[in-house]
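Undergrad: Protein chains in written order, with the working numbering: chain W, 233 to 574; chain E, 233 to 574; chain X, 233 to 574.
Calculated from the structure, these hints are not laboratory results. Bear in mind that the values here come from a model prediction, so they are computed numbers and not experimental data. Any given hint might turn out to be false.
What the hints assert, rightly or not - So these bits of chain W aren't anywhere near chain E, every CB distance computed over 12 Å:
1. 256
2. 280
3. 288
4. 297
5. 299
6. 311
7. 342
8. 343
9. 345
10. 362
11. 407
12. 423
13. 427
14. 436
What the hints assert, rightly or not - On the chain E side, residues computed to face chain W include the following (Cβ under 7 Å):
15. 320
16. 321
17. 322
18. 497
19. 547
To be verified - Far from chain W by the CB rule (all over 12 Å, computed), these chain X residues:
20. 252
21. 271
22. 273
23. 275
24. 328
25. 401
26. 459
27. 469
28. 471
29. 501
30. 504
31. 510
32. 567
A virtual CB, placed ideally from N, CA and C, is assigned to each residue, including glycine.
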Amino acid sequence: MSAPSSSAAGWCGRLDPVAVADVSRPDDPRLGRFTTFGQATPDALRPGRPVLLGFPQEEGVRRNGGRPGAAGAPARIRHWLYRLTPWDGQHNCDLASLELLDLGDVRTGGSLEESQEALGEVVGAVLAAGAIPIVLGGGHETAFGHYLGWHRLARPLGIVNLDAHLDVRPCIEGRGHSGSPFRQALEHPRNGTEAPVYACLGAQPQAVSREHVRWLQERGGEVFWASALQDRRLRETLAGICQRLEREGRVVWVSLDADVVRAADVPGVSAPNPLGLDGREVAALARVAGTLPAVRSFDLVEINPSFDVDDRSARWAAVVVWSFLSGLADRRARSSALPGCP
Amino acid sequence: MSAPSSSAAGWCGRLDPVAVADVSRPDDPRLGRFTTFGQATPDALRPGRPVLLGFPQEEGVRRNGGRPGAAGAPARIRHWLYRLTPWDGQHNCDLASLELLDLGDVRTGGSLEESQEALGEVVGAVLAAGAIPIVLGGGHETAFGHYLGWHRLARPLGIVNLDAHLDVRPCIEGRGHSGSPFRQALEHPRNGTEAPVYACLGAQPQAVSREHVRWLQERGGEVFWASALQDRRLRETLAGICQRLEREGRVVWVSLDADVVRAADVPGVSAPNPLGLDGREVAALARVAGTLPAVRSFDLVEINPSFDVDDRSARWAAVVVWSFLSGLADRRARSSALPGCP
Amino acid sequence: MSAPSSSAAGWCGRLDPVAVADVSRPDDPRLGRFTTFGQATPDALRPGRPVLLGFPQEEGVRRNGGRPGAAGAPARIRHWLYRLTPWDGQHNCDLASLELLDLGDVRTGGSLEESQEALGEVVGAVLAAGAIPIVLGGGHETAFGHYLGWHRLARPLGIVNLDAHLDVRPCIEGRGHSGSPFRQALEHPRNGTEAPVYACLGAQPQAVSREHVRWLQERGGEVFWASALQDRRLRETLAGICQRLEREGRVVWVSLDADVVRAADVPGVSAPNPLGLDGREVAALARVAGTLPAVRSFDLVEINPSFDVDDRSARWAAVVVWSFLSGLADRRARSSALPGCP
Chain W
233 MSAPSSSAAG WCGRLDPVAV ADVSRPDDPR LGRFTTFGQA TPDALRPGRP VLLGFPQEEG
293 VRRNGGRPGA AGAPARIRHW LYRLTPWDGQ HNCDLASLEL LDLGDVRTGG SLEESQEALG
353 EVVGAVLAAG AIPIVLGGGH ETAFGHYLGW HRLARPLGIV NLDAHLDVRP CIEGRGHSGS
413 PFRQALEHPR NGTEAPVYAC LGAQPQAVSR EHVRWLQERG GEVFWASALQ DRRLRETLAG
473 ICQRLEREGR VVWVSLDADV VRAADVPGVS APNPLGLDGR EVAALARVAG TLPAVRSFDL
533 VEINPSFDVD DRSARWAAVV VWSFLSGLAD RRARSSALPG CP
Chain E
233 MSAPSSSAAG WCGRLDPVAV ADVSRPDDPR LGRFTTFGQA TPDALRPGRP VLLGFPQEEG
293 VRRNGGRPGA AGAPARIRHW LYRLTPWDGQ HNCDLASLEL LDLGDVRTGG SLEESQEALG
353 EVVGAVLAAG AIPIVLGGGH ETAFGHYLGW HRLARPLGIV NLDAHLDVRP CIEGRGHSGS
413 PFRQALEHPR NGTEAPVYAC LGAQPQAVSR EHVRWLQERG GEVFWASALQ DRRLRETLAG
473 ICQRLEREGR VVWVSLDADV VRAADVPGVS APNPLGLDGR EVAALARVAG TLPAVRSFDL
533 VEINPSFDVD DRSARWAAVV VWSFLSGLAD RRARSSALPG CP
Chain X
233 MSAPSSSAAG WCGRLDPVAV ADVSRPDDPR LGRFTTFGQA TPDALRPGRP VLLGFPQEEG
293 VRRNGGRPGA AGAPARIRHW LYRLTPWDGQ HNCDLASLEL LDLGDVRTGG SLEESQEALG
353 EVVGAVLAAG AIPIVLGGGH ETAFGHYLGW HRLARPLGIV NLDAHLDVRP CIEGRGHSGS
413 PFRQALEHPR NGTEAPVYAC LGAQPQAVSR EHVRWLQERG GEVFWASALQ DRRLRETLAG
473 ICQRLEREGR VVWVSLDADV VRAADVPGVS APNPLGLDGR EVAALARVAG TLPAVRSFDL
533 VEINPSFDVD DRSARWAAVV VWSFLSGLAD RRARSSALPG CP
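Assemble the whole structure, with the sequences as input and the hints as a guide.
TA: Below, the structure written as structure tokens:
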């Protein structure tokens, strides 16, 4: 792959910029004020810098027989995210110091496959620079695009998927969809690179096929059922997995499907989950993911504003991203003299 | 009462068959494919076989001053139930091996009393064969029809009612309704049979009349308030009650009024409950009920699709039935060489 | 200030009476039957008697850039409150014995400041008599009106605010609003009286400005973040604070902003909270507040029926008030020979 400094012009053409109103008050500045919106200049992709990308895509949901709407998620999540405080008073972390960069939305006008390629190209450039992609889907087909970025790096990878479903369905008529991204990733030709390892946290047994579990277990994948992950066990399980992957020399990508959370907390998703995890616990998990040095990229998918109730799910998603950012500030403070949490 | 083999033709006339589309994929079969829909042949009612019945009735809710809609519940619950996986990966239980039989809906075109008689006749035949009725209401007037089936068996009975309310109201102008089923059951003439014992789990103090508690306590009934049943205590309380009832030589009927769950998880009910039990805990309870040998019948009532939010409550109800079935598979595996959970 | 007996005629003119239908059944009386509606006669304000007041005001929400609707809350909360049982079976407490007095709604036709003055006048008279005001807002601007009542008493005061936000924003163009009540209270001229002390329980870090925390801490205020208050810790924290305040010779006012609760349980608020406290825990807290002798007044604000889902939030608010009343009955039983809980 080419270095981001030389390819920036190329992949920047894959992106549509976004704008978000600043609702800061003098005594109450908001995150939007401390975010850079627009194209990435060659030196903008610094190690450890969080880089937000939208992927307003729902064709994969449609192909999987689901209901459309997820393409509207990046706009609604940004609306609420940039109204939040750029400081975490509970942990005394300064989110402004992270200098969040929002590159806008990956273009999705062509085929699903083209948009996934485009996402992969951008994510690959961000990762190559050591920056940390935060991708807002879109359906879970977002994850295969995200994977294509990792593929360009050819590093040993661990995938942690927070999800009610395993999302290792076969392609339909040879085409990927919102239920297939991790099968596509695990089966992707890899020219000698080690296969990624995969763990699904929060699976709902009534929604998981026996064939898919078998398929996954034959490849060393792990399934953690939702009811075994309540309260602190969720965070402890993630931390344990990441420590193990780190010992194995892997970096970690965390993918969060909003349907892992129960419908009461997150009603606006493609496939509502009557028994999902607590929305607060999953937000707390996102913060832990931010703190863990092994975690190098993050996506949040399947928010579906068309089925939301008074933006409840988009507001939750915004706090999830904010929590991940707070965790990143914490990580930075521990690992360097840079500002973050004292 | 007559044996089911000779009376099948009679009570089968009380039922309207239902059909549910099969949404199985080759790698992902669904429960609907492993369910027998239609009339019961004389030998279909085997010991331990779960038999599903709908009771699309809401006249009792109307008589009690409630809002109609519960008659639509059996159809919505079936829609979601038969899309679920016929295997519980968390407990490695095979639900397909249960050979679920769905007899359709009890006819409810006549008076409430006629439909309750019809339900009692069918439930009685199912129970007499040692099969396990699973009745989908309708309002809680479903429970008096369910009771009439038990009455035909004349066995010592324990009733466990999961409910925000005691449902021991007096009849109104001599007629039963959705708030009276357990008073009707406890006062029913019984020709020398022992009276059933009754426990209500999940009662909400702000919704329970002092007179009704007194009435119940004078008859040995027990009330467990919701806030004392959070987390594991709910399952432990049910298990404790069932063990005691079993020692006393009683079989157990579990009735589950969806309004025992808080409105966030189950908004679509006749009387929403702002402080109810957690929907996950109640689903876990249904699984425990399935595993307990004393439990011989189950109903799930008061889901009201007219007030539901994106089918959240119907989806929850489907998982509750699925969880009860998973428990039954567990029970079967422990008690015999039949398939179920290894 | 003047004694209530002499000023009753004056401040009674500040109130509009309300009427609520009695839905009692002979075997199931409801709280509405045991409530006195209408004007306060001079001897009606007895020590320890709970006195309900509505404050149908939302101008402060509008000034703060929020969405209107909270003015409709008192009517919806009363609708559900007076349908509840006048007896707490869980704690065997007789709420009827409290002789709840509902003085109706404070007039809000004029400016926000006039209505806050009127609320303060009524609350002051109720407090002076040793009776216990329960104020139903309205936006959180209700709290500054409530404070003006306390100001008239000139007693050392502790304020406990259950809230996702600190509500210590500066005034906007010199005018108070729904985000400023506690800054207005803490900065109010006090002619030598000790300043009140303030604690906020349930704050959400992503919604709290660093400047506001600094401002508060410089004045000795305390902030308890929501995620540190789950389960029993919420009640224990309140009890600990109240005991400390009591040792310091302070009386306590508890203000409850419904947006401290997560949106799943209480969706109908001006600013929904995706990660708030559990609605059951907050209701349990209201009961504890009722039992604590230091707690002398209570308000419940920011319920917004225009954004409610099937009255879920209004139903919850009714149970919160009921729980506070149950706690008061408990307090009375412990402190005197008067009826309450045996």
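Undergrad: Should the label of residue 343 of chain W as a non-interface residue stand, given a Cβ cut-off of 12 Å to chain E?
TA: Given that every Cβ of chain E is farther than 12 Å from that of residue 343 of chain W, nearest at about 23 Å, it holds.
Undergrad: Holds or violated: is the Cβ of residue 547 of chain E closer than 7 Å to a Cβ in chain W?
TA: At about 5 Å, which falls below the 7 Å cut-off, the nearest Cβ of chain W leaves the hint on residue 547 of chain E intact, so it holds.
Undergrad: Just checking, residue 275 of chain X versus chain W, shortest CB gap more than 12 Å?
TA: holds (46 Å)
Undergrad: Examine each Cβ of chain W, and state whether all of them lie more than 12 Å from the Cβ of residue 273 of chain X.
TA: holds (44 Å)
Undergrad: Quick one: work out the minimum CB distance from residue 288 of chain W to chain E and report holds if it exceeds 12 Å, violated otherwise.
TA: holds (22 Å)
Undergrad: Could you check that no beta carbon of chain W comes within 12 Å of the beta carbon of residue 469 of chain X?
TA: The claim holds: residue 469 of chain X sits with its nearest Cβ about 15 Å from chain W, beyond 12 Å.
Undergrad: Does the claim that residue 407 of chain W lies outside the interface with chain E hold up, using a Cβ gap greater than 12 Å?
TA: Since the minimum Cβ distance to chain E is about 15 Å, residue 407 of chain W lies beyond 12 Å and the statement holds.
Undergrad: Over 12 Å from every CB of chain E: does residue 423 of chain W meet that, or does the non-interface label fail?
TA: Check passes; 28 Å lies beyond 12 Å.
Undergrad: Could you check that no beta carbon of chain E comes within 12 Å of the beta carbon of residue 280 of chain W?
TA: holds (38 Å)
Undergrad: Does the claim that residue 510 of chain X lies outside the interface with chain W hold up, using a Cβ gap greater than 12 Å?
TA: violated (9 Å)
Undergrad: For the hint on residue 321 of chain E, just tell me whether its beta-carbon gets within less than 7 Å of chain W.
TA: holds (5 Å)
Undergrad: Would you assess whether residue 471 of chain X, listed as outside the interface, keeps its beta-carbon beyond 12 Å of every beta-carbon in chain W?
TA: The assertion about residue 471 of chain X holds, with a minimum of 22 Å to chain W.
The earlier numbered hints that this structure contradicts are 4, 5, 14, 25, 26, 29, 30, 31.
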